[in-house]
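Line by line, the protein sequences are chains D, G and U. Under this note's numbering, the first residue of the first sequence carries the number 180, and numbering increases by one thereafter. Under this note's numbering, the first residue of the second sequence carries the number 9, and numbering increases by one thereafter. Under this note's numbering, the first residue of the third sequence carries the number -14, and numbering increases by one thereafter.
Incorrect hints may appear among the rest.
No more than 20 Å apart at the CA atoms, straight line, and that leaves these computed lysine to aspartate or glutamate pairs for EDC-like [claimed, not checked]: (1) LYS128/U <-> ASP328/G; (2) LYS352/D <-> ASP210/D; (3) LYS242/G <-> ASP322/D; (4) LYS327/D <-> GLU314/D; (5) LYS352/D <-> ASP364/D; (6) LYS327/D <-> GLU295/G; (7) LYS242/G <-> GLU314/D; (8) LYS128/U <-> GLU297/G; (9) LYS242/G <-> GLU262/D.
Chain G residues, not near chain D, derived (Cβ > 12 Å throughout) [what the hints assert, rightly or not]: (10) ILE21; (11) VAL85; (12) ASN88; (13) VAL151; (14) PRO176; (15) VAL228; (16) LYS239; (17) ASN254; (18) LEU257; (19) PRO329.
Calculated from the structure, these hints are not laboratory results. Ideal Cβ placement from N, Cα and C applies to all residues, glycine included.
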Amino acid sequence: MSEPILQVRDLRVEYATPAGPAQAVGGVSFDLAKGEFLAIVGESGCGKSTLLFAVAQLLTYPGRLAGGEVLFDGVDFTTLKPEELRLHRWRDISVVMQSAMNALNPTLTIGAQLTDACKAHTEWSDEKIAQRSAEVLAMVAIDAVHLKSYPFQLSGGMRQRAMIAMALLLEPKLVIMDEPTSALDVVAQRSLMHQVETLRHQLGFAVIFVTHDMSVVSHYSDRLAVMYAGEIVELGPTRQVFDRPEHPYSQGLMEAFPSLLGESKQLTGIAGNPPSLVDPPEGCLFAPRCAYANDECRSVRPELIAYGNHQVRCHLVARTRKNDA
Amino acid sequence: MRFLARRLGFLLIALWAAMTVNFLIPRLMPGNPAEAMMGRLRGHINPASLKALEVAFGINTHQSLISSYFAYLNNCVHLNFGISLLDFPEPVSHVIAQALPWSLGLVGVSTILGFLIGTMLGAVAAWRRGGALDSVLPPVFIVISAFPYFFLGLLFIWFFGLTLGWFPILGGYTETATPSLTLGFIWNIIDHSILPAFTILITSIGGWILTMRNNMITVVAEDYVKMGRAKGLKPRRILWQYAGRNALLPNLTGFAMSLGFVISGAILVEYVFNYPGLGFLLLQAVENEDFPLMQALFLLITVAVLVAIFIADIATSLLDPRTRTTS
Amino acid sequence: MRALRVLLHVPGRVFRFMRRDKKAATGAIILFVLLVLTAFPTWFTPHDPAAEIYTPGAAVSWSHLLGTTSFGQDVFSQVIAGTRQSVMIALIVGFFCTVISVIVGISAAYMGGIVDDGLSLLTDVVLVIPTFPLIIVIVGYLKSAGFWLMVFVLVFTGWSYGARQLRVQALSLRNRDYLLAAKARGESSWYVITVELIPPMTSLIVANFLGAALYAVLASAGLQFVGLGNLNAESWGTMLYWAQNNEALQTGLPLWALAPGVAIAILGSGLALLNYAFDEVANPALRPVRAMKKRRVA
Chain D
180 MSEPILQVRD LRVEYATPAG PAQAVGGVSF DLAKGEFLAI VGESGCGKST LLFAVAQLLT
240 YPGRLAGGEV LFDGVDFTTL KPEELRLHRW RDISVVMQSA MNALNPTLTI GAQLTDACKA
300 HTEWSDEKIA QRSAEVLAMV AIDAVHLKSY PFQLSGGMRQ RAMIAMALLL EPKLVIMDEP
360 TSALDVVAQR SLMHQVETLR HQLGFAVIFV THDMSVVSHY SDRLAVMYAG EIVELGPTRQ
420 VFDRPEHPYS QGLMEAFPSL LGESKQLTGI AGNPPSLVDP PEGCLFAPRC AYANDECRSV
480 RPELIAYGNH QVRCHLVART RKNDA
Chain G
9 MRFLARRLGF LLIALWAAMT VNFLIPRLMP GNPAEAMMGR LRGHINPASL KALEVAFGIN
69 THQSLISSYF AYLNNCVHLN FGISLLDFPE PVSHVIAQAL PWSLGLVGVS TILGFLIGTM
129 LGAVAAWRRG GALDSVLPPV FIVISAFPYF FLGLLFIWFF GLTLGWFPIL GGYTETATPS
189 LTLGFIWNII DHSILPAFTI LITSIGGWIL TMRNNMITVV AEDYVKMGRA KGLKPRRILW
249 QYAGRNALLP NLTGFAMSLG FVISGAILVE YVFNYPGLGF LLLQAVENED FPLMQALFLL
309 ITVAVLVAIF IADIATSLLD PRTRTTS
Chain U
-14 MRALRVLLHV PGRVFRFMRR DKKAATGAII LFVLLVLTAF PTWFTPHDPA AEIYTPGAAV
46 SWSHLLGTTS FGQDVFSQVI AGTRQSVMIA LIVGFFCTVI SVIVGISAAY MGGIVDDGLS
106 LLTDVVLVIP TFPLIIVIVG YLKSAGFWLM VFVLVFTGWS YGARQLRVQA LSLRNRDYLL
166 AAKARGESSW YVITVELIPP MTSLIVANFL GAALYAVLAS AGLQFVGLGN LNAESWGTML
226 YWAQNNEALQ TGLPLWALAP GVAIAILGSG LALLNYAFDE VANPALRPVR AMKKRRVA
């Protein structure tokens, strides 16, 4: 790919717990191209939201960055001082959170919240700010009259769209979204995804989209990453991962979704529970739940190996692929 | 506006309750102290005031309880509280009016200052969690706020007043000085009010600091504060406009609740310093069995607290848009 | 009975918690010491506190650790003897206030509707009326207040704060699914309240008890200080009254006035520290931030 806008190298995040540090994100690496849509899926607690906030440098106690680099356009965010980092925020990377009701300041109007982002990073005049605010709201089909409204006066869907509008204020290169559709009904979900897609084509920003519901992103994302216990276990072009998952966990996930078309089949889940992050198993983190695990799986931690444009973290896959090669 | 109207309604009910309690207490007392007082007064005061007192205390009337109750309420509304025994034959309202400005000044200023400073310190302490302020403040102020108000006053009197001789320890102004509007006299007043004001400030500030700190800690964990950081806003703006504004709201209601506490403390501080305010007056009234004065003072203090609560409510409605509009 | 078994778990949890938190431990130690003094004052008083036979106005010495009063009484013995009254009032008022606030607060939250409206209005009105002036007025008509009158008046004015807090917490718990599940199982309201609703509120209830006790100590001391208590009682507040009336500070007998004040402050601090520690249990976010570098929020 041409020069990627984001390069994440071996990112690690730890949470302080009474029982000791918990490894919430363990050595995640990936690249993101300009304008690319990357979806990250996984079950609750797999570390996907933590990864997202780690990339955006928004971790708070008790979480902390334990290692790795985040290179945005060549600049390593992890080494910047807070004042320097602040200048990159919103202009380069903006954030859309899960619940707009919680993410919007209840005591300020929408307009005021748009304005303070502008004022923090630009020298725009008040008119320009007002104009731009109305512009972004129009992009998400919200009437400019709502600049004077407070968050509690808007409907749930409108609030979420307002957040997206706010994210696009300064035309960032990357927008990260943390489960923005989880709080919406299916109709609103589709409408939101469609909106995001249209804007992405219009403005050309890249997206990292975290969700636990794959069906939401499967039509829109370029690449799909599957996370488990803080690691990426599979990463590849969306259709490939969706139709031909290689990692046993991804396979289990795909099996768990019933299809509207085709014949009805037995629904299967994935037995067992995610591993303890304070005291993780020695070998592959998924081995305790994996139907195919062997001795090597249980003693040696597998690496994420690339096969062309498809990466998988599994000994068995590596073995099979080597035999095929 | 509905919010304010409801609050006003509640406060009026509370006022009515206070007046009713005031009415009932002397009637419930064993030994009928009011009768004794009336015996001393009869023949010395004008009939109208005598009547007011009879109504207030239920003596010598042939009215039923209900009608004397309404007569009493009527008197209260017209500020007719009778004659003071302490400062005979001054009417109670007059006696009170003299003491009122002293208390307003002392208690009003120190409470407001305490609230403002305490809230700011609490906000900053929570903002820098794990910092010096945050580790030191809670235990120190928990302990200080457990000190009786008057003890701190005694301590200050002994240390700053007697041992160091920095400040006068009695009264609102030097007894021998003649009151006038000169700068010198005003300075005299201020000089006399520093120790009592400081006492009230120190004892009450702990509460404000701790409540604000606790609220801030909850608020700072909210998503919209994270959004503020994500947007790259200047930390100061996030602190005051995002975290502070939202943390302050429950604090304002707390302010109202703890006012009663502050008033109690202020009464004792005035007593310790012989400061000529309403609190000191109340205690003198008790000492001299001046029941009309006692009753009126209790009502006035209650009204003051209710008014302060209402002002806090107004401030809440200004800060919190959710109370102003119906969604 | 199941309710009893649940209640028996409480002391164990409390004890473990004390060991962890320094504030709680300090508060607990203070209170323990004072409880011992309350139960057995004569073990620690070198002299008879009421006896006026010593040199008046004596300075600090080995036989009079805190000097004597202007009547010739030993200050130290008086302070020790005074512990009983203050601790008793704290515990008794604390207990009754807690009982009333639990009943009112939880009933209001659990029953909802008009019962809730009525009880809440009552609570808020009592809360808003300034308590100390009210106490002064009540006691003022009677010229002085004995121990039980003070208890009555303090309980009468002190229950509302706790009731309000407990109601808020009970409301937030009432709609939790596990309570609805209990009701669906057919459990009686009584069971739901005592076994399912109250245990999670334990730390708040204890915090309220301590708060009420603290209020009682300070208010009773205040009352006695201004001379409205029983002037012959052996208590810290009364000591302060006599000291103030005899101008202890000005006549070079500061310890007479300061010692009982410090004693009140110690009891108060013990209660306040323990109270705050229980607040932290109820809301873990308030616990001290430790084991990581100083973390700024932005």
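Taking the hints in turn, this is what the structure says about them:
1. LYS128/U <-> ASP328/G: 47 Å, violated
2. LYS352/D <-> ASP210/D: Distance of about 14 Å is within 20 Å: holds.
3. LYS242/G <-> ASP322/D: 29 Å, violated
4. LYS327/D <-> GLU314/D: 15 Å, holds
5. LYS352/D <-> ASP364/D: 29 Å, violated
6. LYS327/D <-> GLU295/G: Between LYS327/D and GLU295/G the Cα gap is close to 59 Å, so the pair fails against 20 Å, i.e. violated.
7. LYS242/G <-> GLU314/D: 25 Å, violated
8. LYS128/U <-> GLU297/G: The hint holds at about 8 Å.
9. LYS242/G <-> GLU262/D: 9 Å, holds
10. ILE21: Consistent with the label, ILE21/G stays out of reach of chain D, its closest Cβ about 29 Å off (over 12 Å).
11. VAL85: The claim holds: VAL85/G sits with its nearest Cβ about 39 Å from chain D, beyond 12 Å.
12. ASN88: 45 Å, holds
13. VAL151: The claim holds: VAL151/G sits with its nearest Cβ about 27 Å from chain D, beyond 12 Å.
14. PRO176: Nearest chain D Cβ is 45 Å from PRO176/G, so the label holds.
15. VAL228: Given a closest Cβ separation of 8 Å, the condition is violated.
16. LYS239: About 5 Å separates LYS239/G from the closest Cβ of chain D, which leaves it inside 12 Å; violated.
17. ASN254: At about 6 Å from chain D, ASN254/G fails to clear the 12 Å cut-off, so the statement is violated.
18. LEU257: With a cut-off of 12 Å, LEU257/G comes too close to chain D, as the shortest Cβ separation is near 8 Å.
19. PRO329: For PRO329/G, whose nearest Cβ neighbour in chain D is about 5 Å away, the distance does not exceed 12 Å, so it is violated.
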